[in-house]
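The numbering used here puts the sequence shown at residues 1 to 172.
Incorrect hints may have been included.
Said to hold, decoys possible - For each label pair, taking beta carbons as the anchor points, the in silico distance ranges come out as: (1) Thr94 / Leu15: 21 to 29 Å; (2) Thr158 / Ser49: 45 to 53 Å; (3) Arg20 / Leu102: 17 to 25 Å.
Note that these hints are calculated values from the structure, not bench results. For every residue, glycine included, the Cβ atom is placed at its ideal position computed from N, Cα and C.
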Amino acid sequence: LPAWALLWLAVPTPLDLDLRLITSLQRFTARAGSAILDIWPFEVLHMMSGTIVEVPGKRLLVEEACSGIHSLFAGLACTVFFVLWVRRPWIRGTLLVVTAVLWVLASNIARVVVITYTFTNWDINLAEGVVHTIFGLVLFAITLSLIVSTDRLFLFLTPRRFVLRSKAAEEA
């Protein structure tokens, strides 16, 4: 079942719904990143032009990949696989998938903020090349760690008697 669920996530959506999702993710990530860059302690001088963050000396485009479509599908695939692999109850699994979406969105917003902040304050360009790829992989690993941590939090918040009943049902 985990393998089938993973394969179903690879099927393209009908009616170009994935393109609509990509553009809405781009806009959301850019706006949220801009809002965070406006507040203390960041207070980065920037201007938004669609999905482009303009800072003095550079235009940083929030592209499809950076807006989170790849990390969203990969994060969802990993989460669904994890939920099915460890046989989480459907309510907990659904909550974990929802929180996975939130963690991926937070990670992509953090990517925009960190790239813009490091460029404007330290003149370090994390937006291109191998450094950009490594930075994305590190953020994805952190996101997966946060998803597993959320699963452990749900386990902690689950009443003890429910956990004992679930284990007894699995053993039977």
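Hints, one by one, checked against the model:
no. : hint                       : verdict
1   : Thr94 / Leu15: 21 to 29 Å  : holds (25 Å)
2   : Thr158 / Ser49: 45 to 53 Å : holds (47 Å)
3   : Arg20 / Leu102: 17 to 25 Å : holds (20 Å)
Taken one by one, the earlier hints all hold for this structure without exception.
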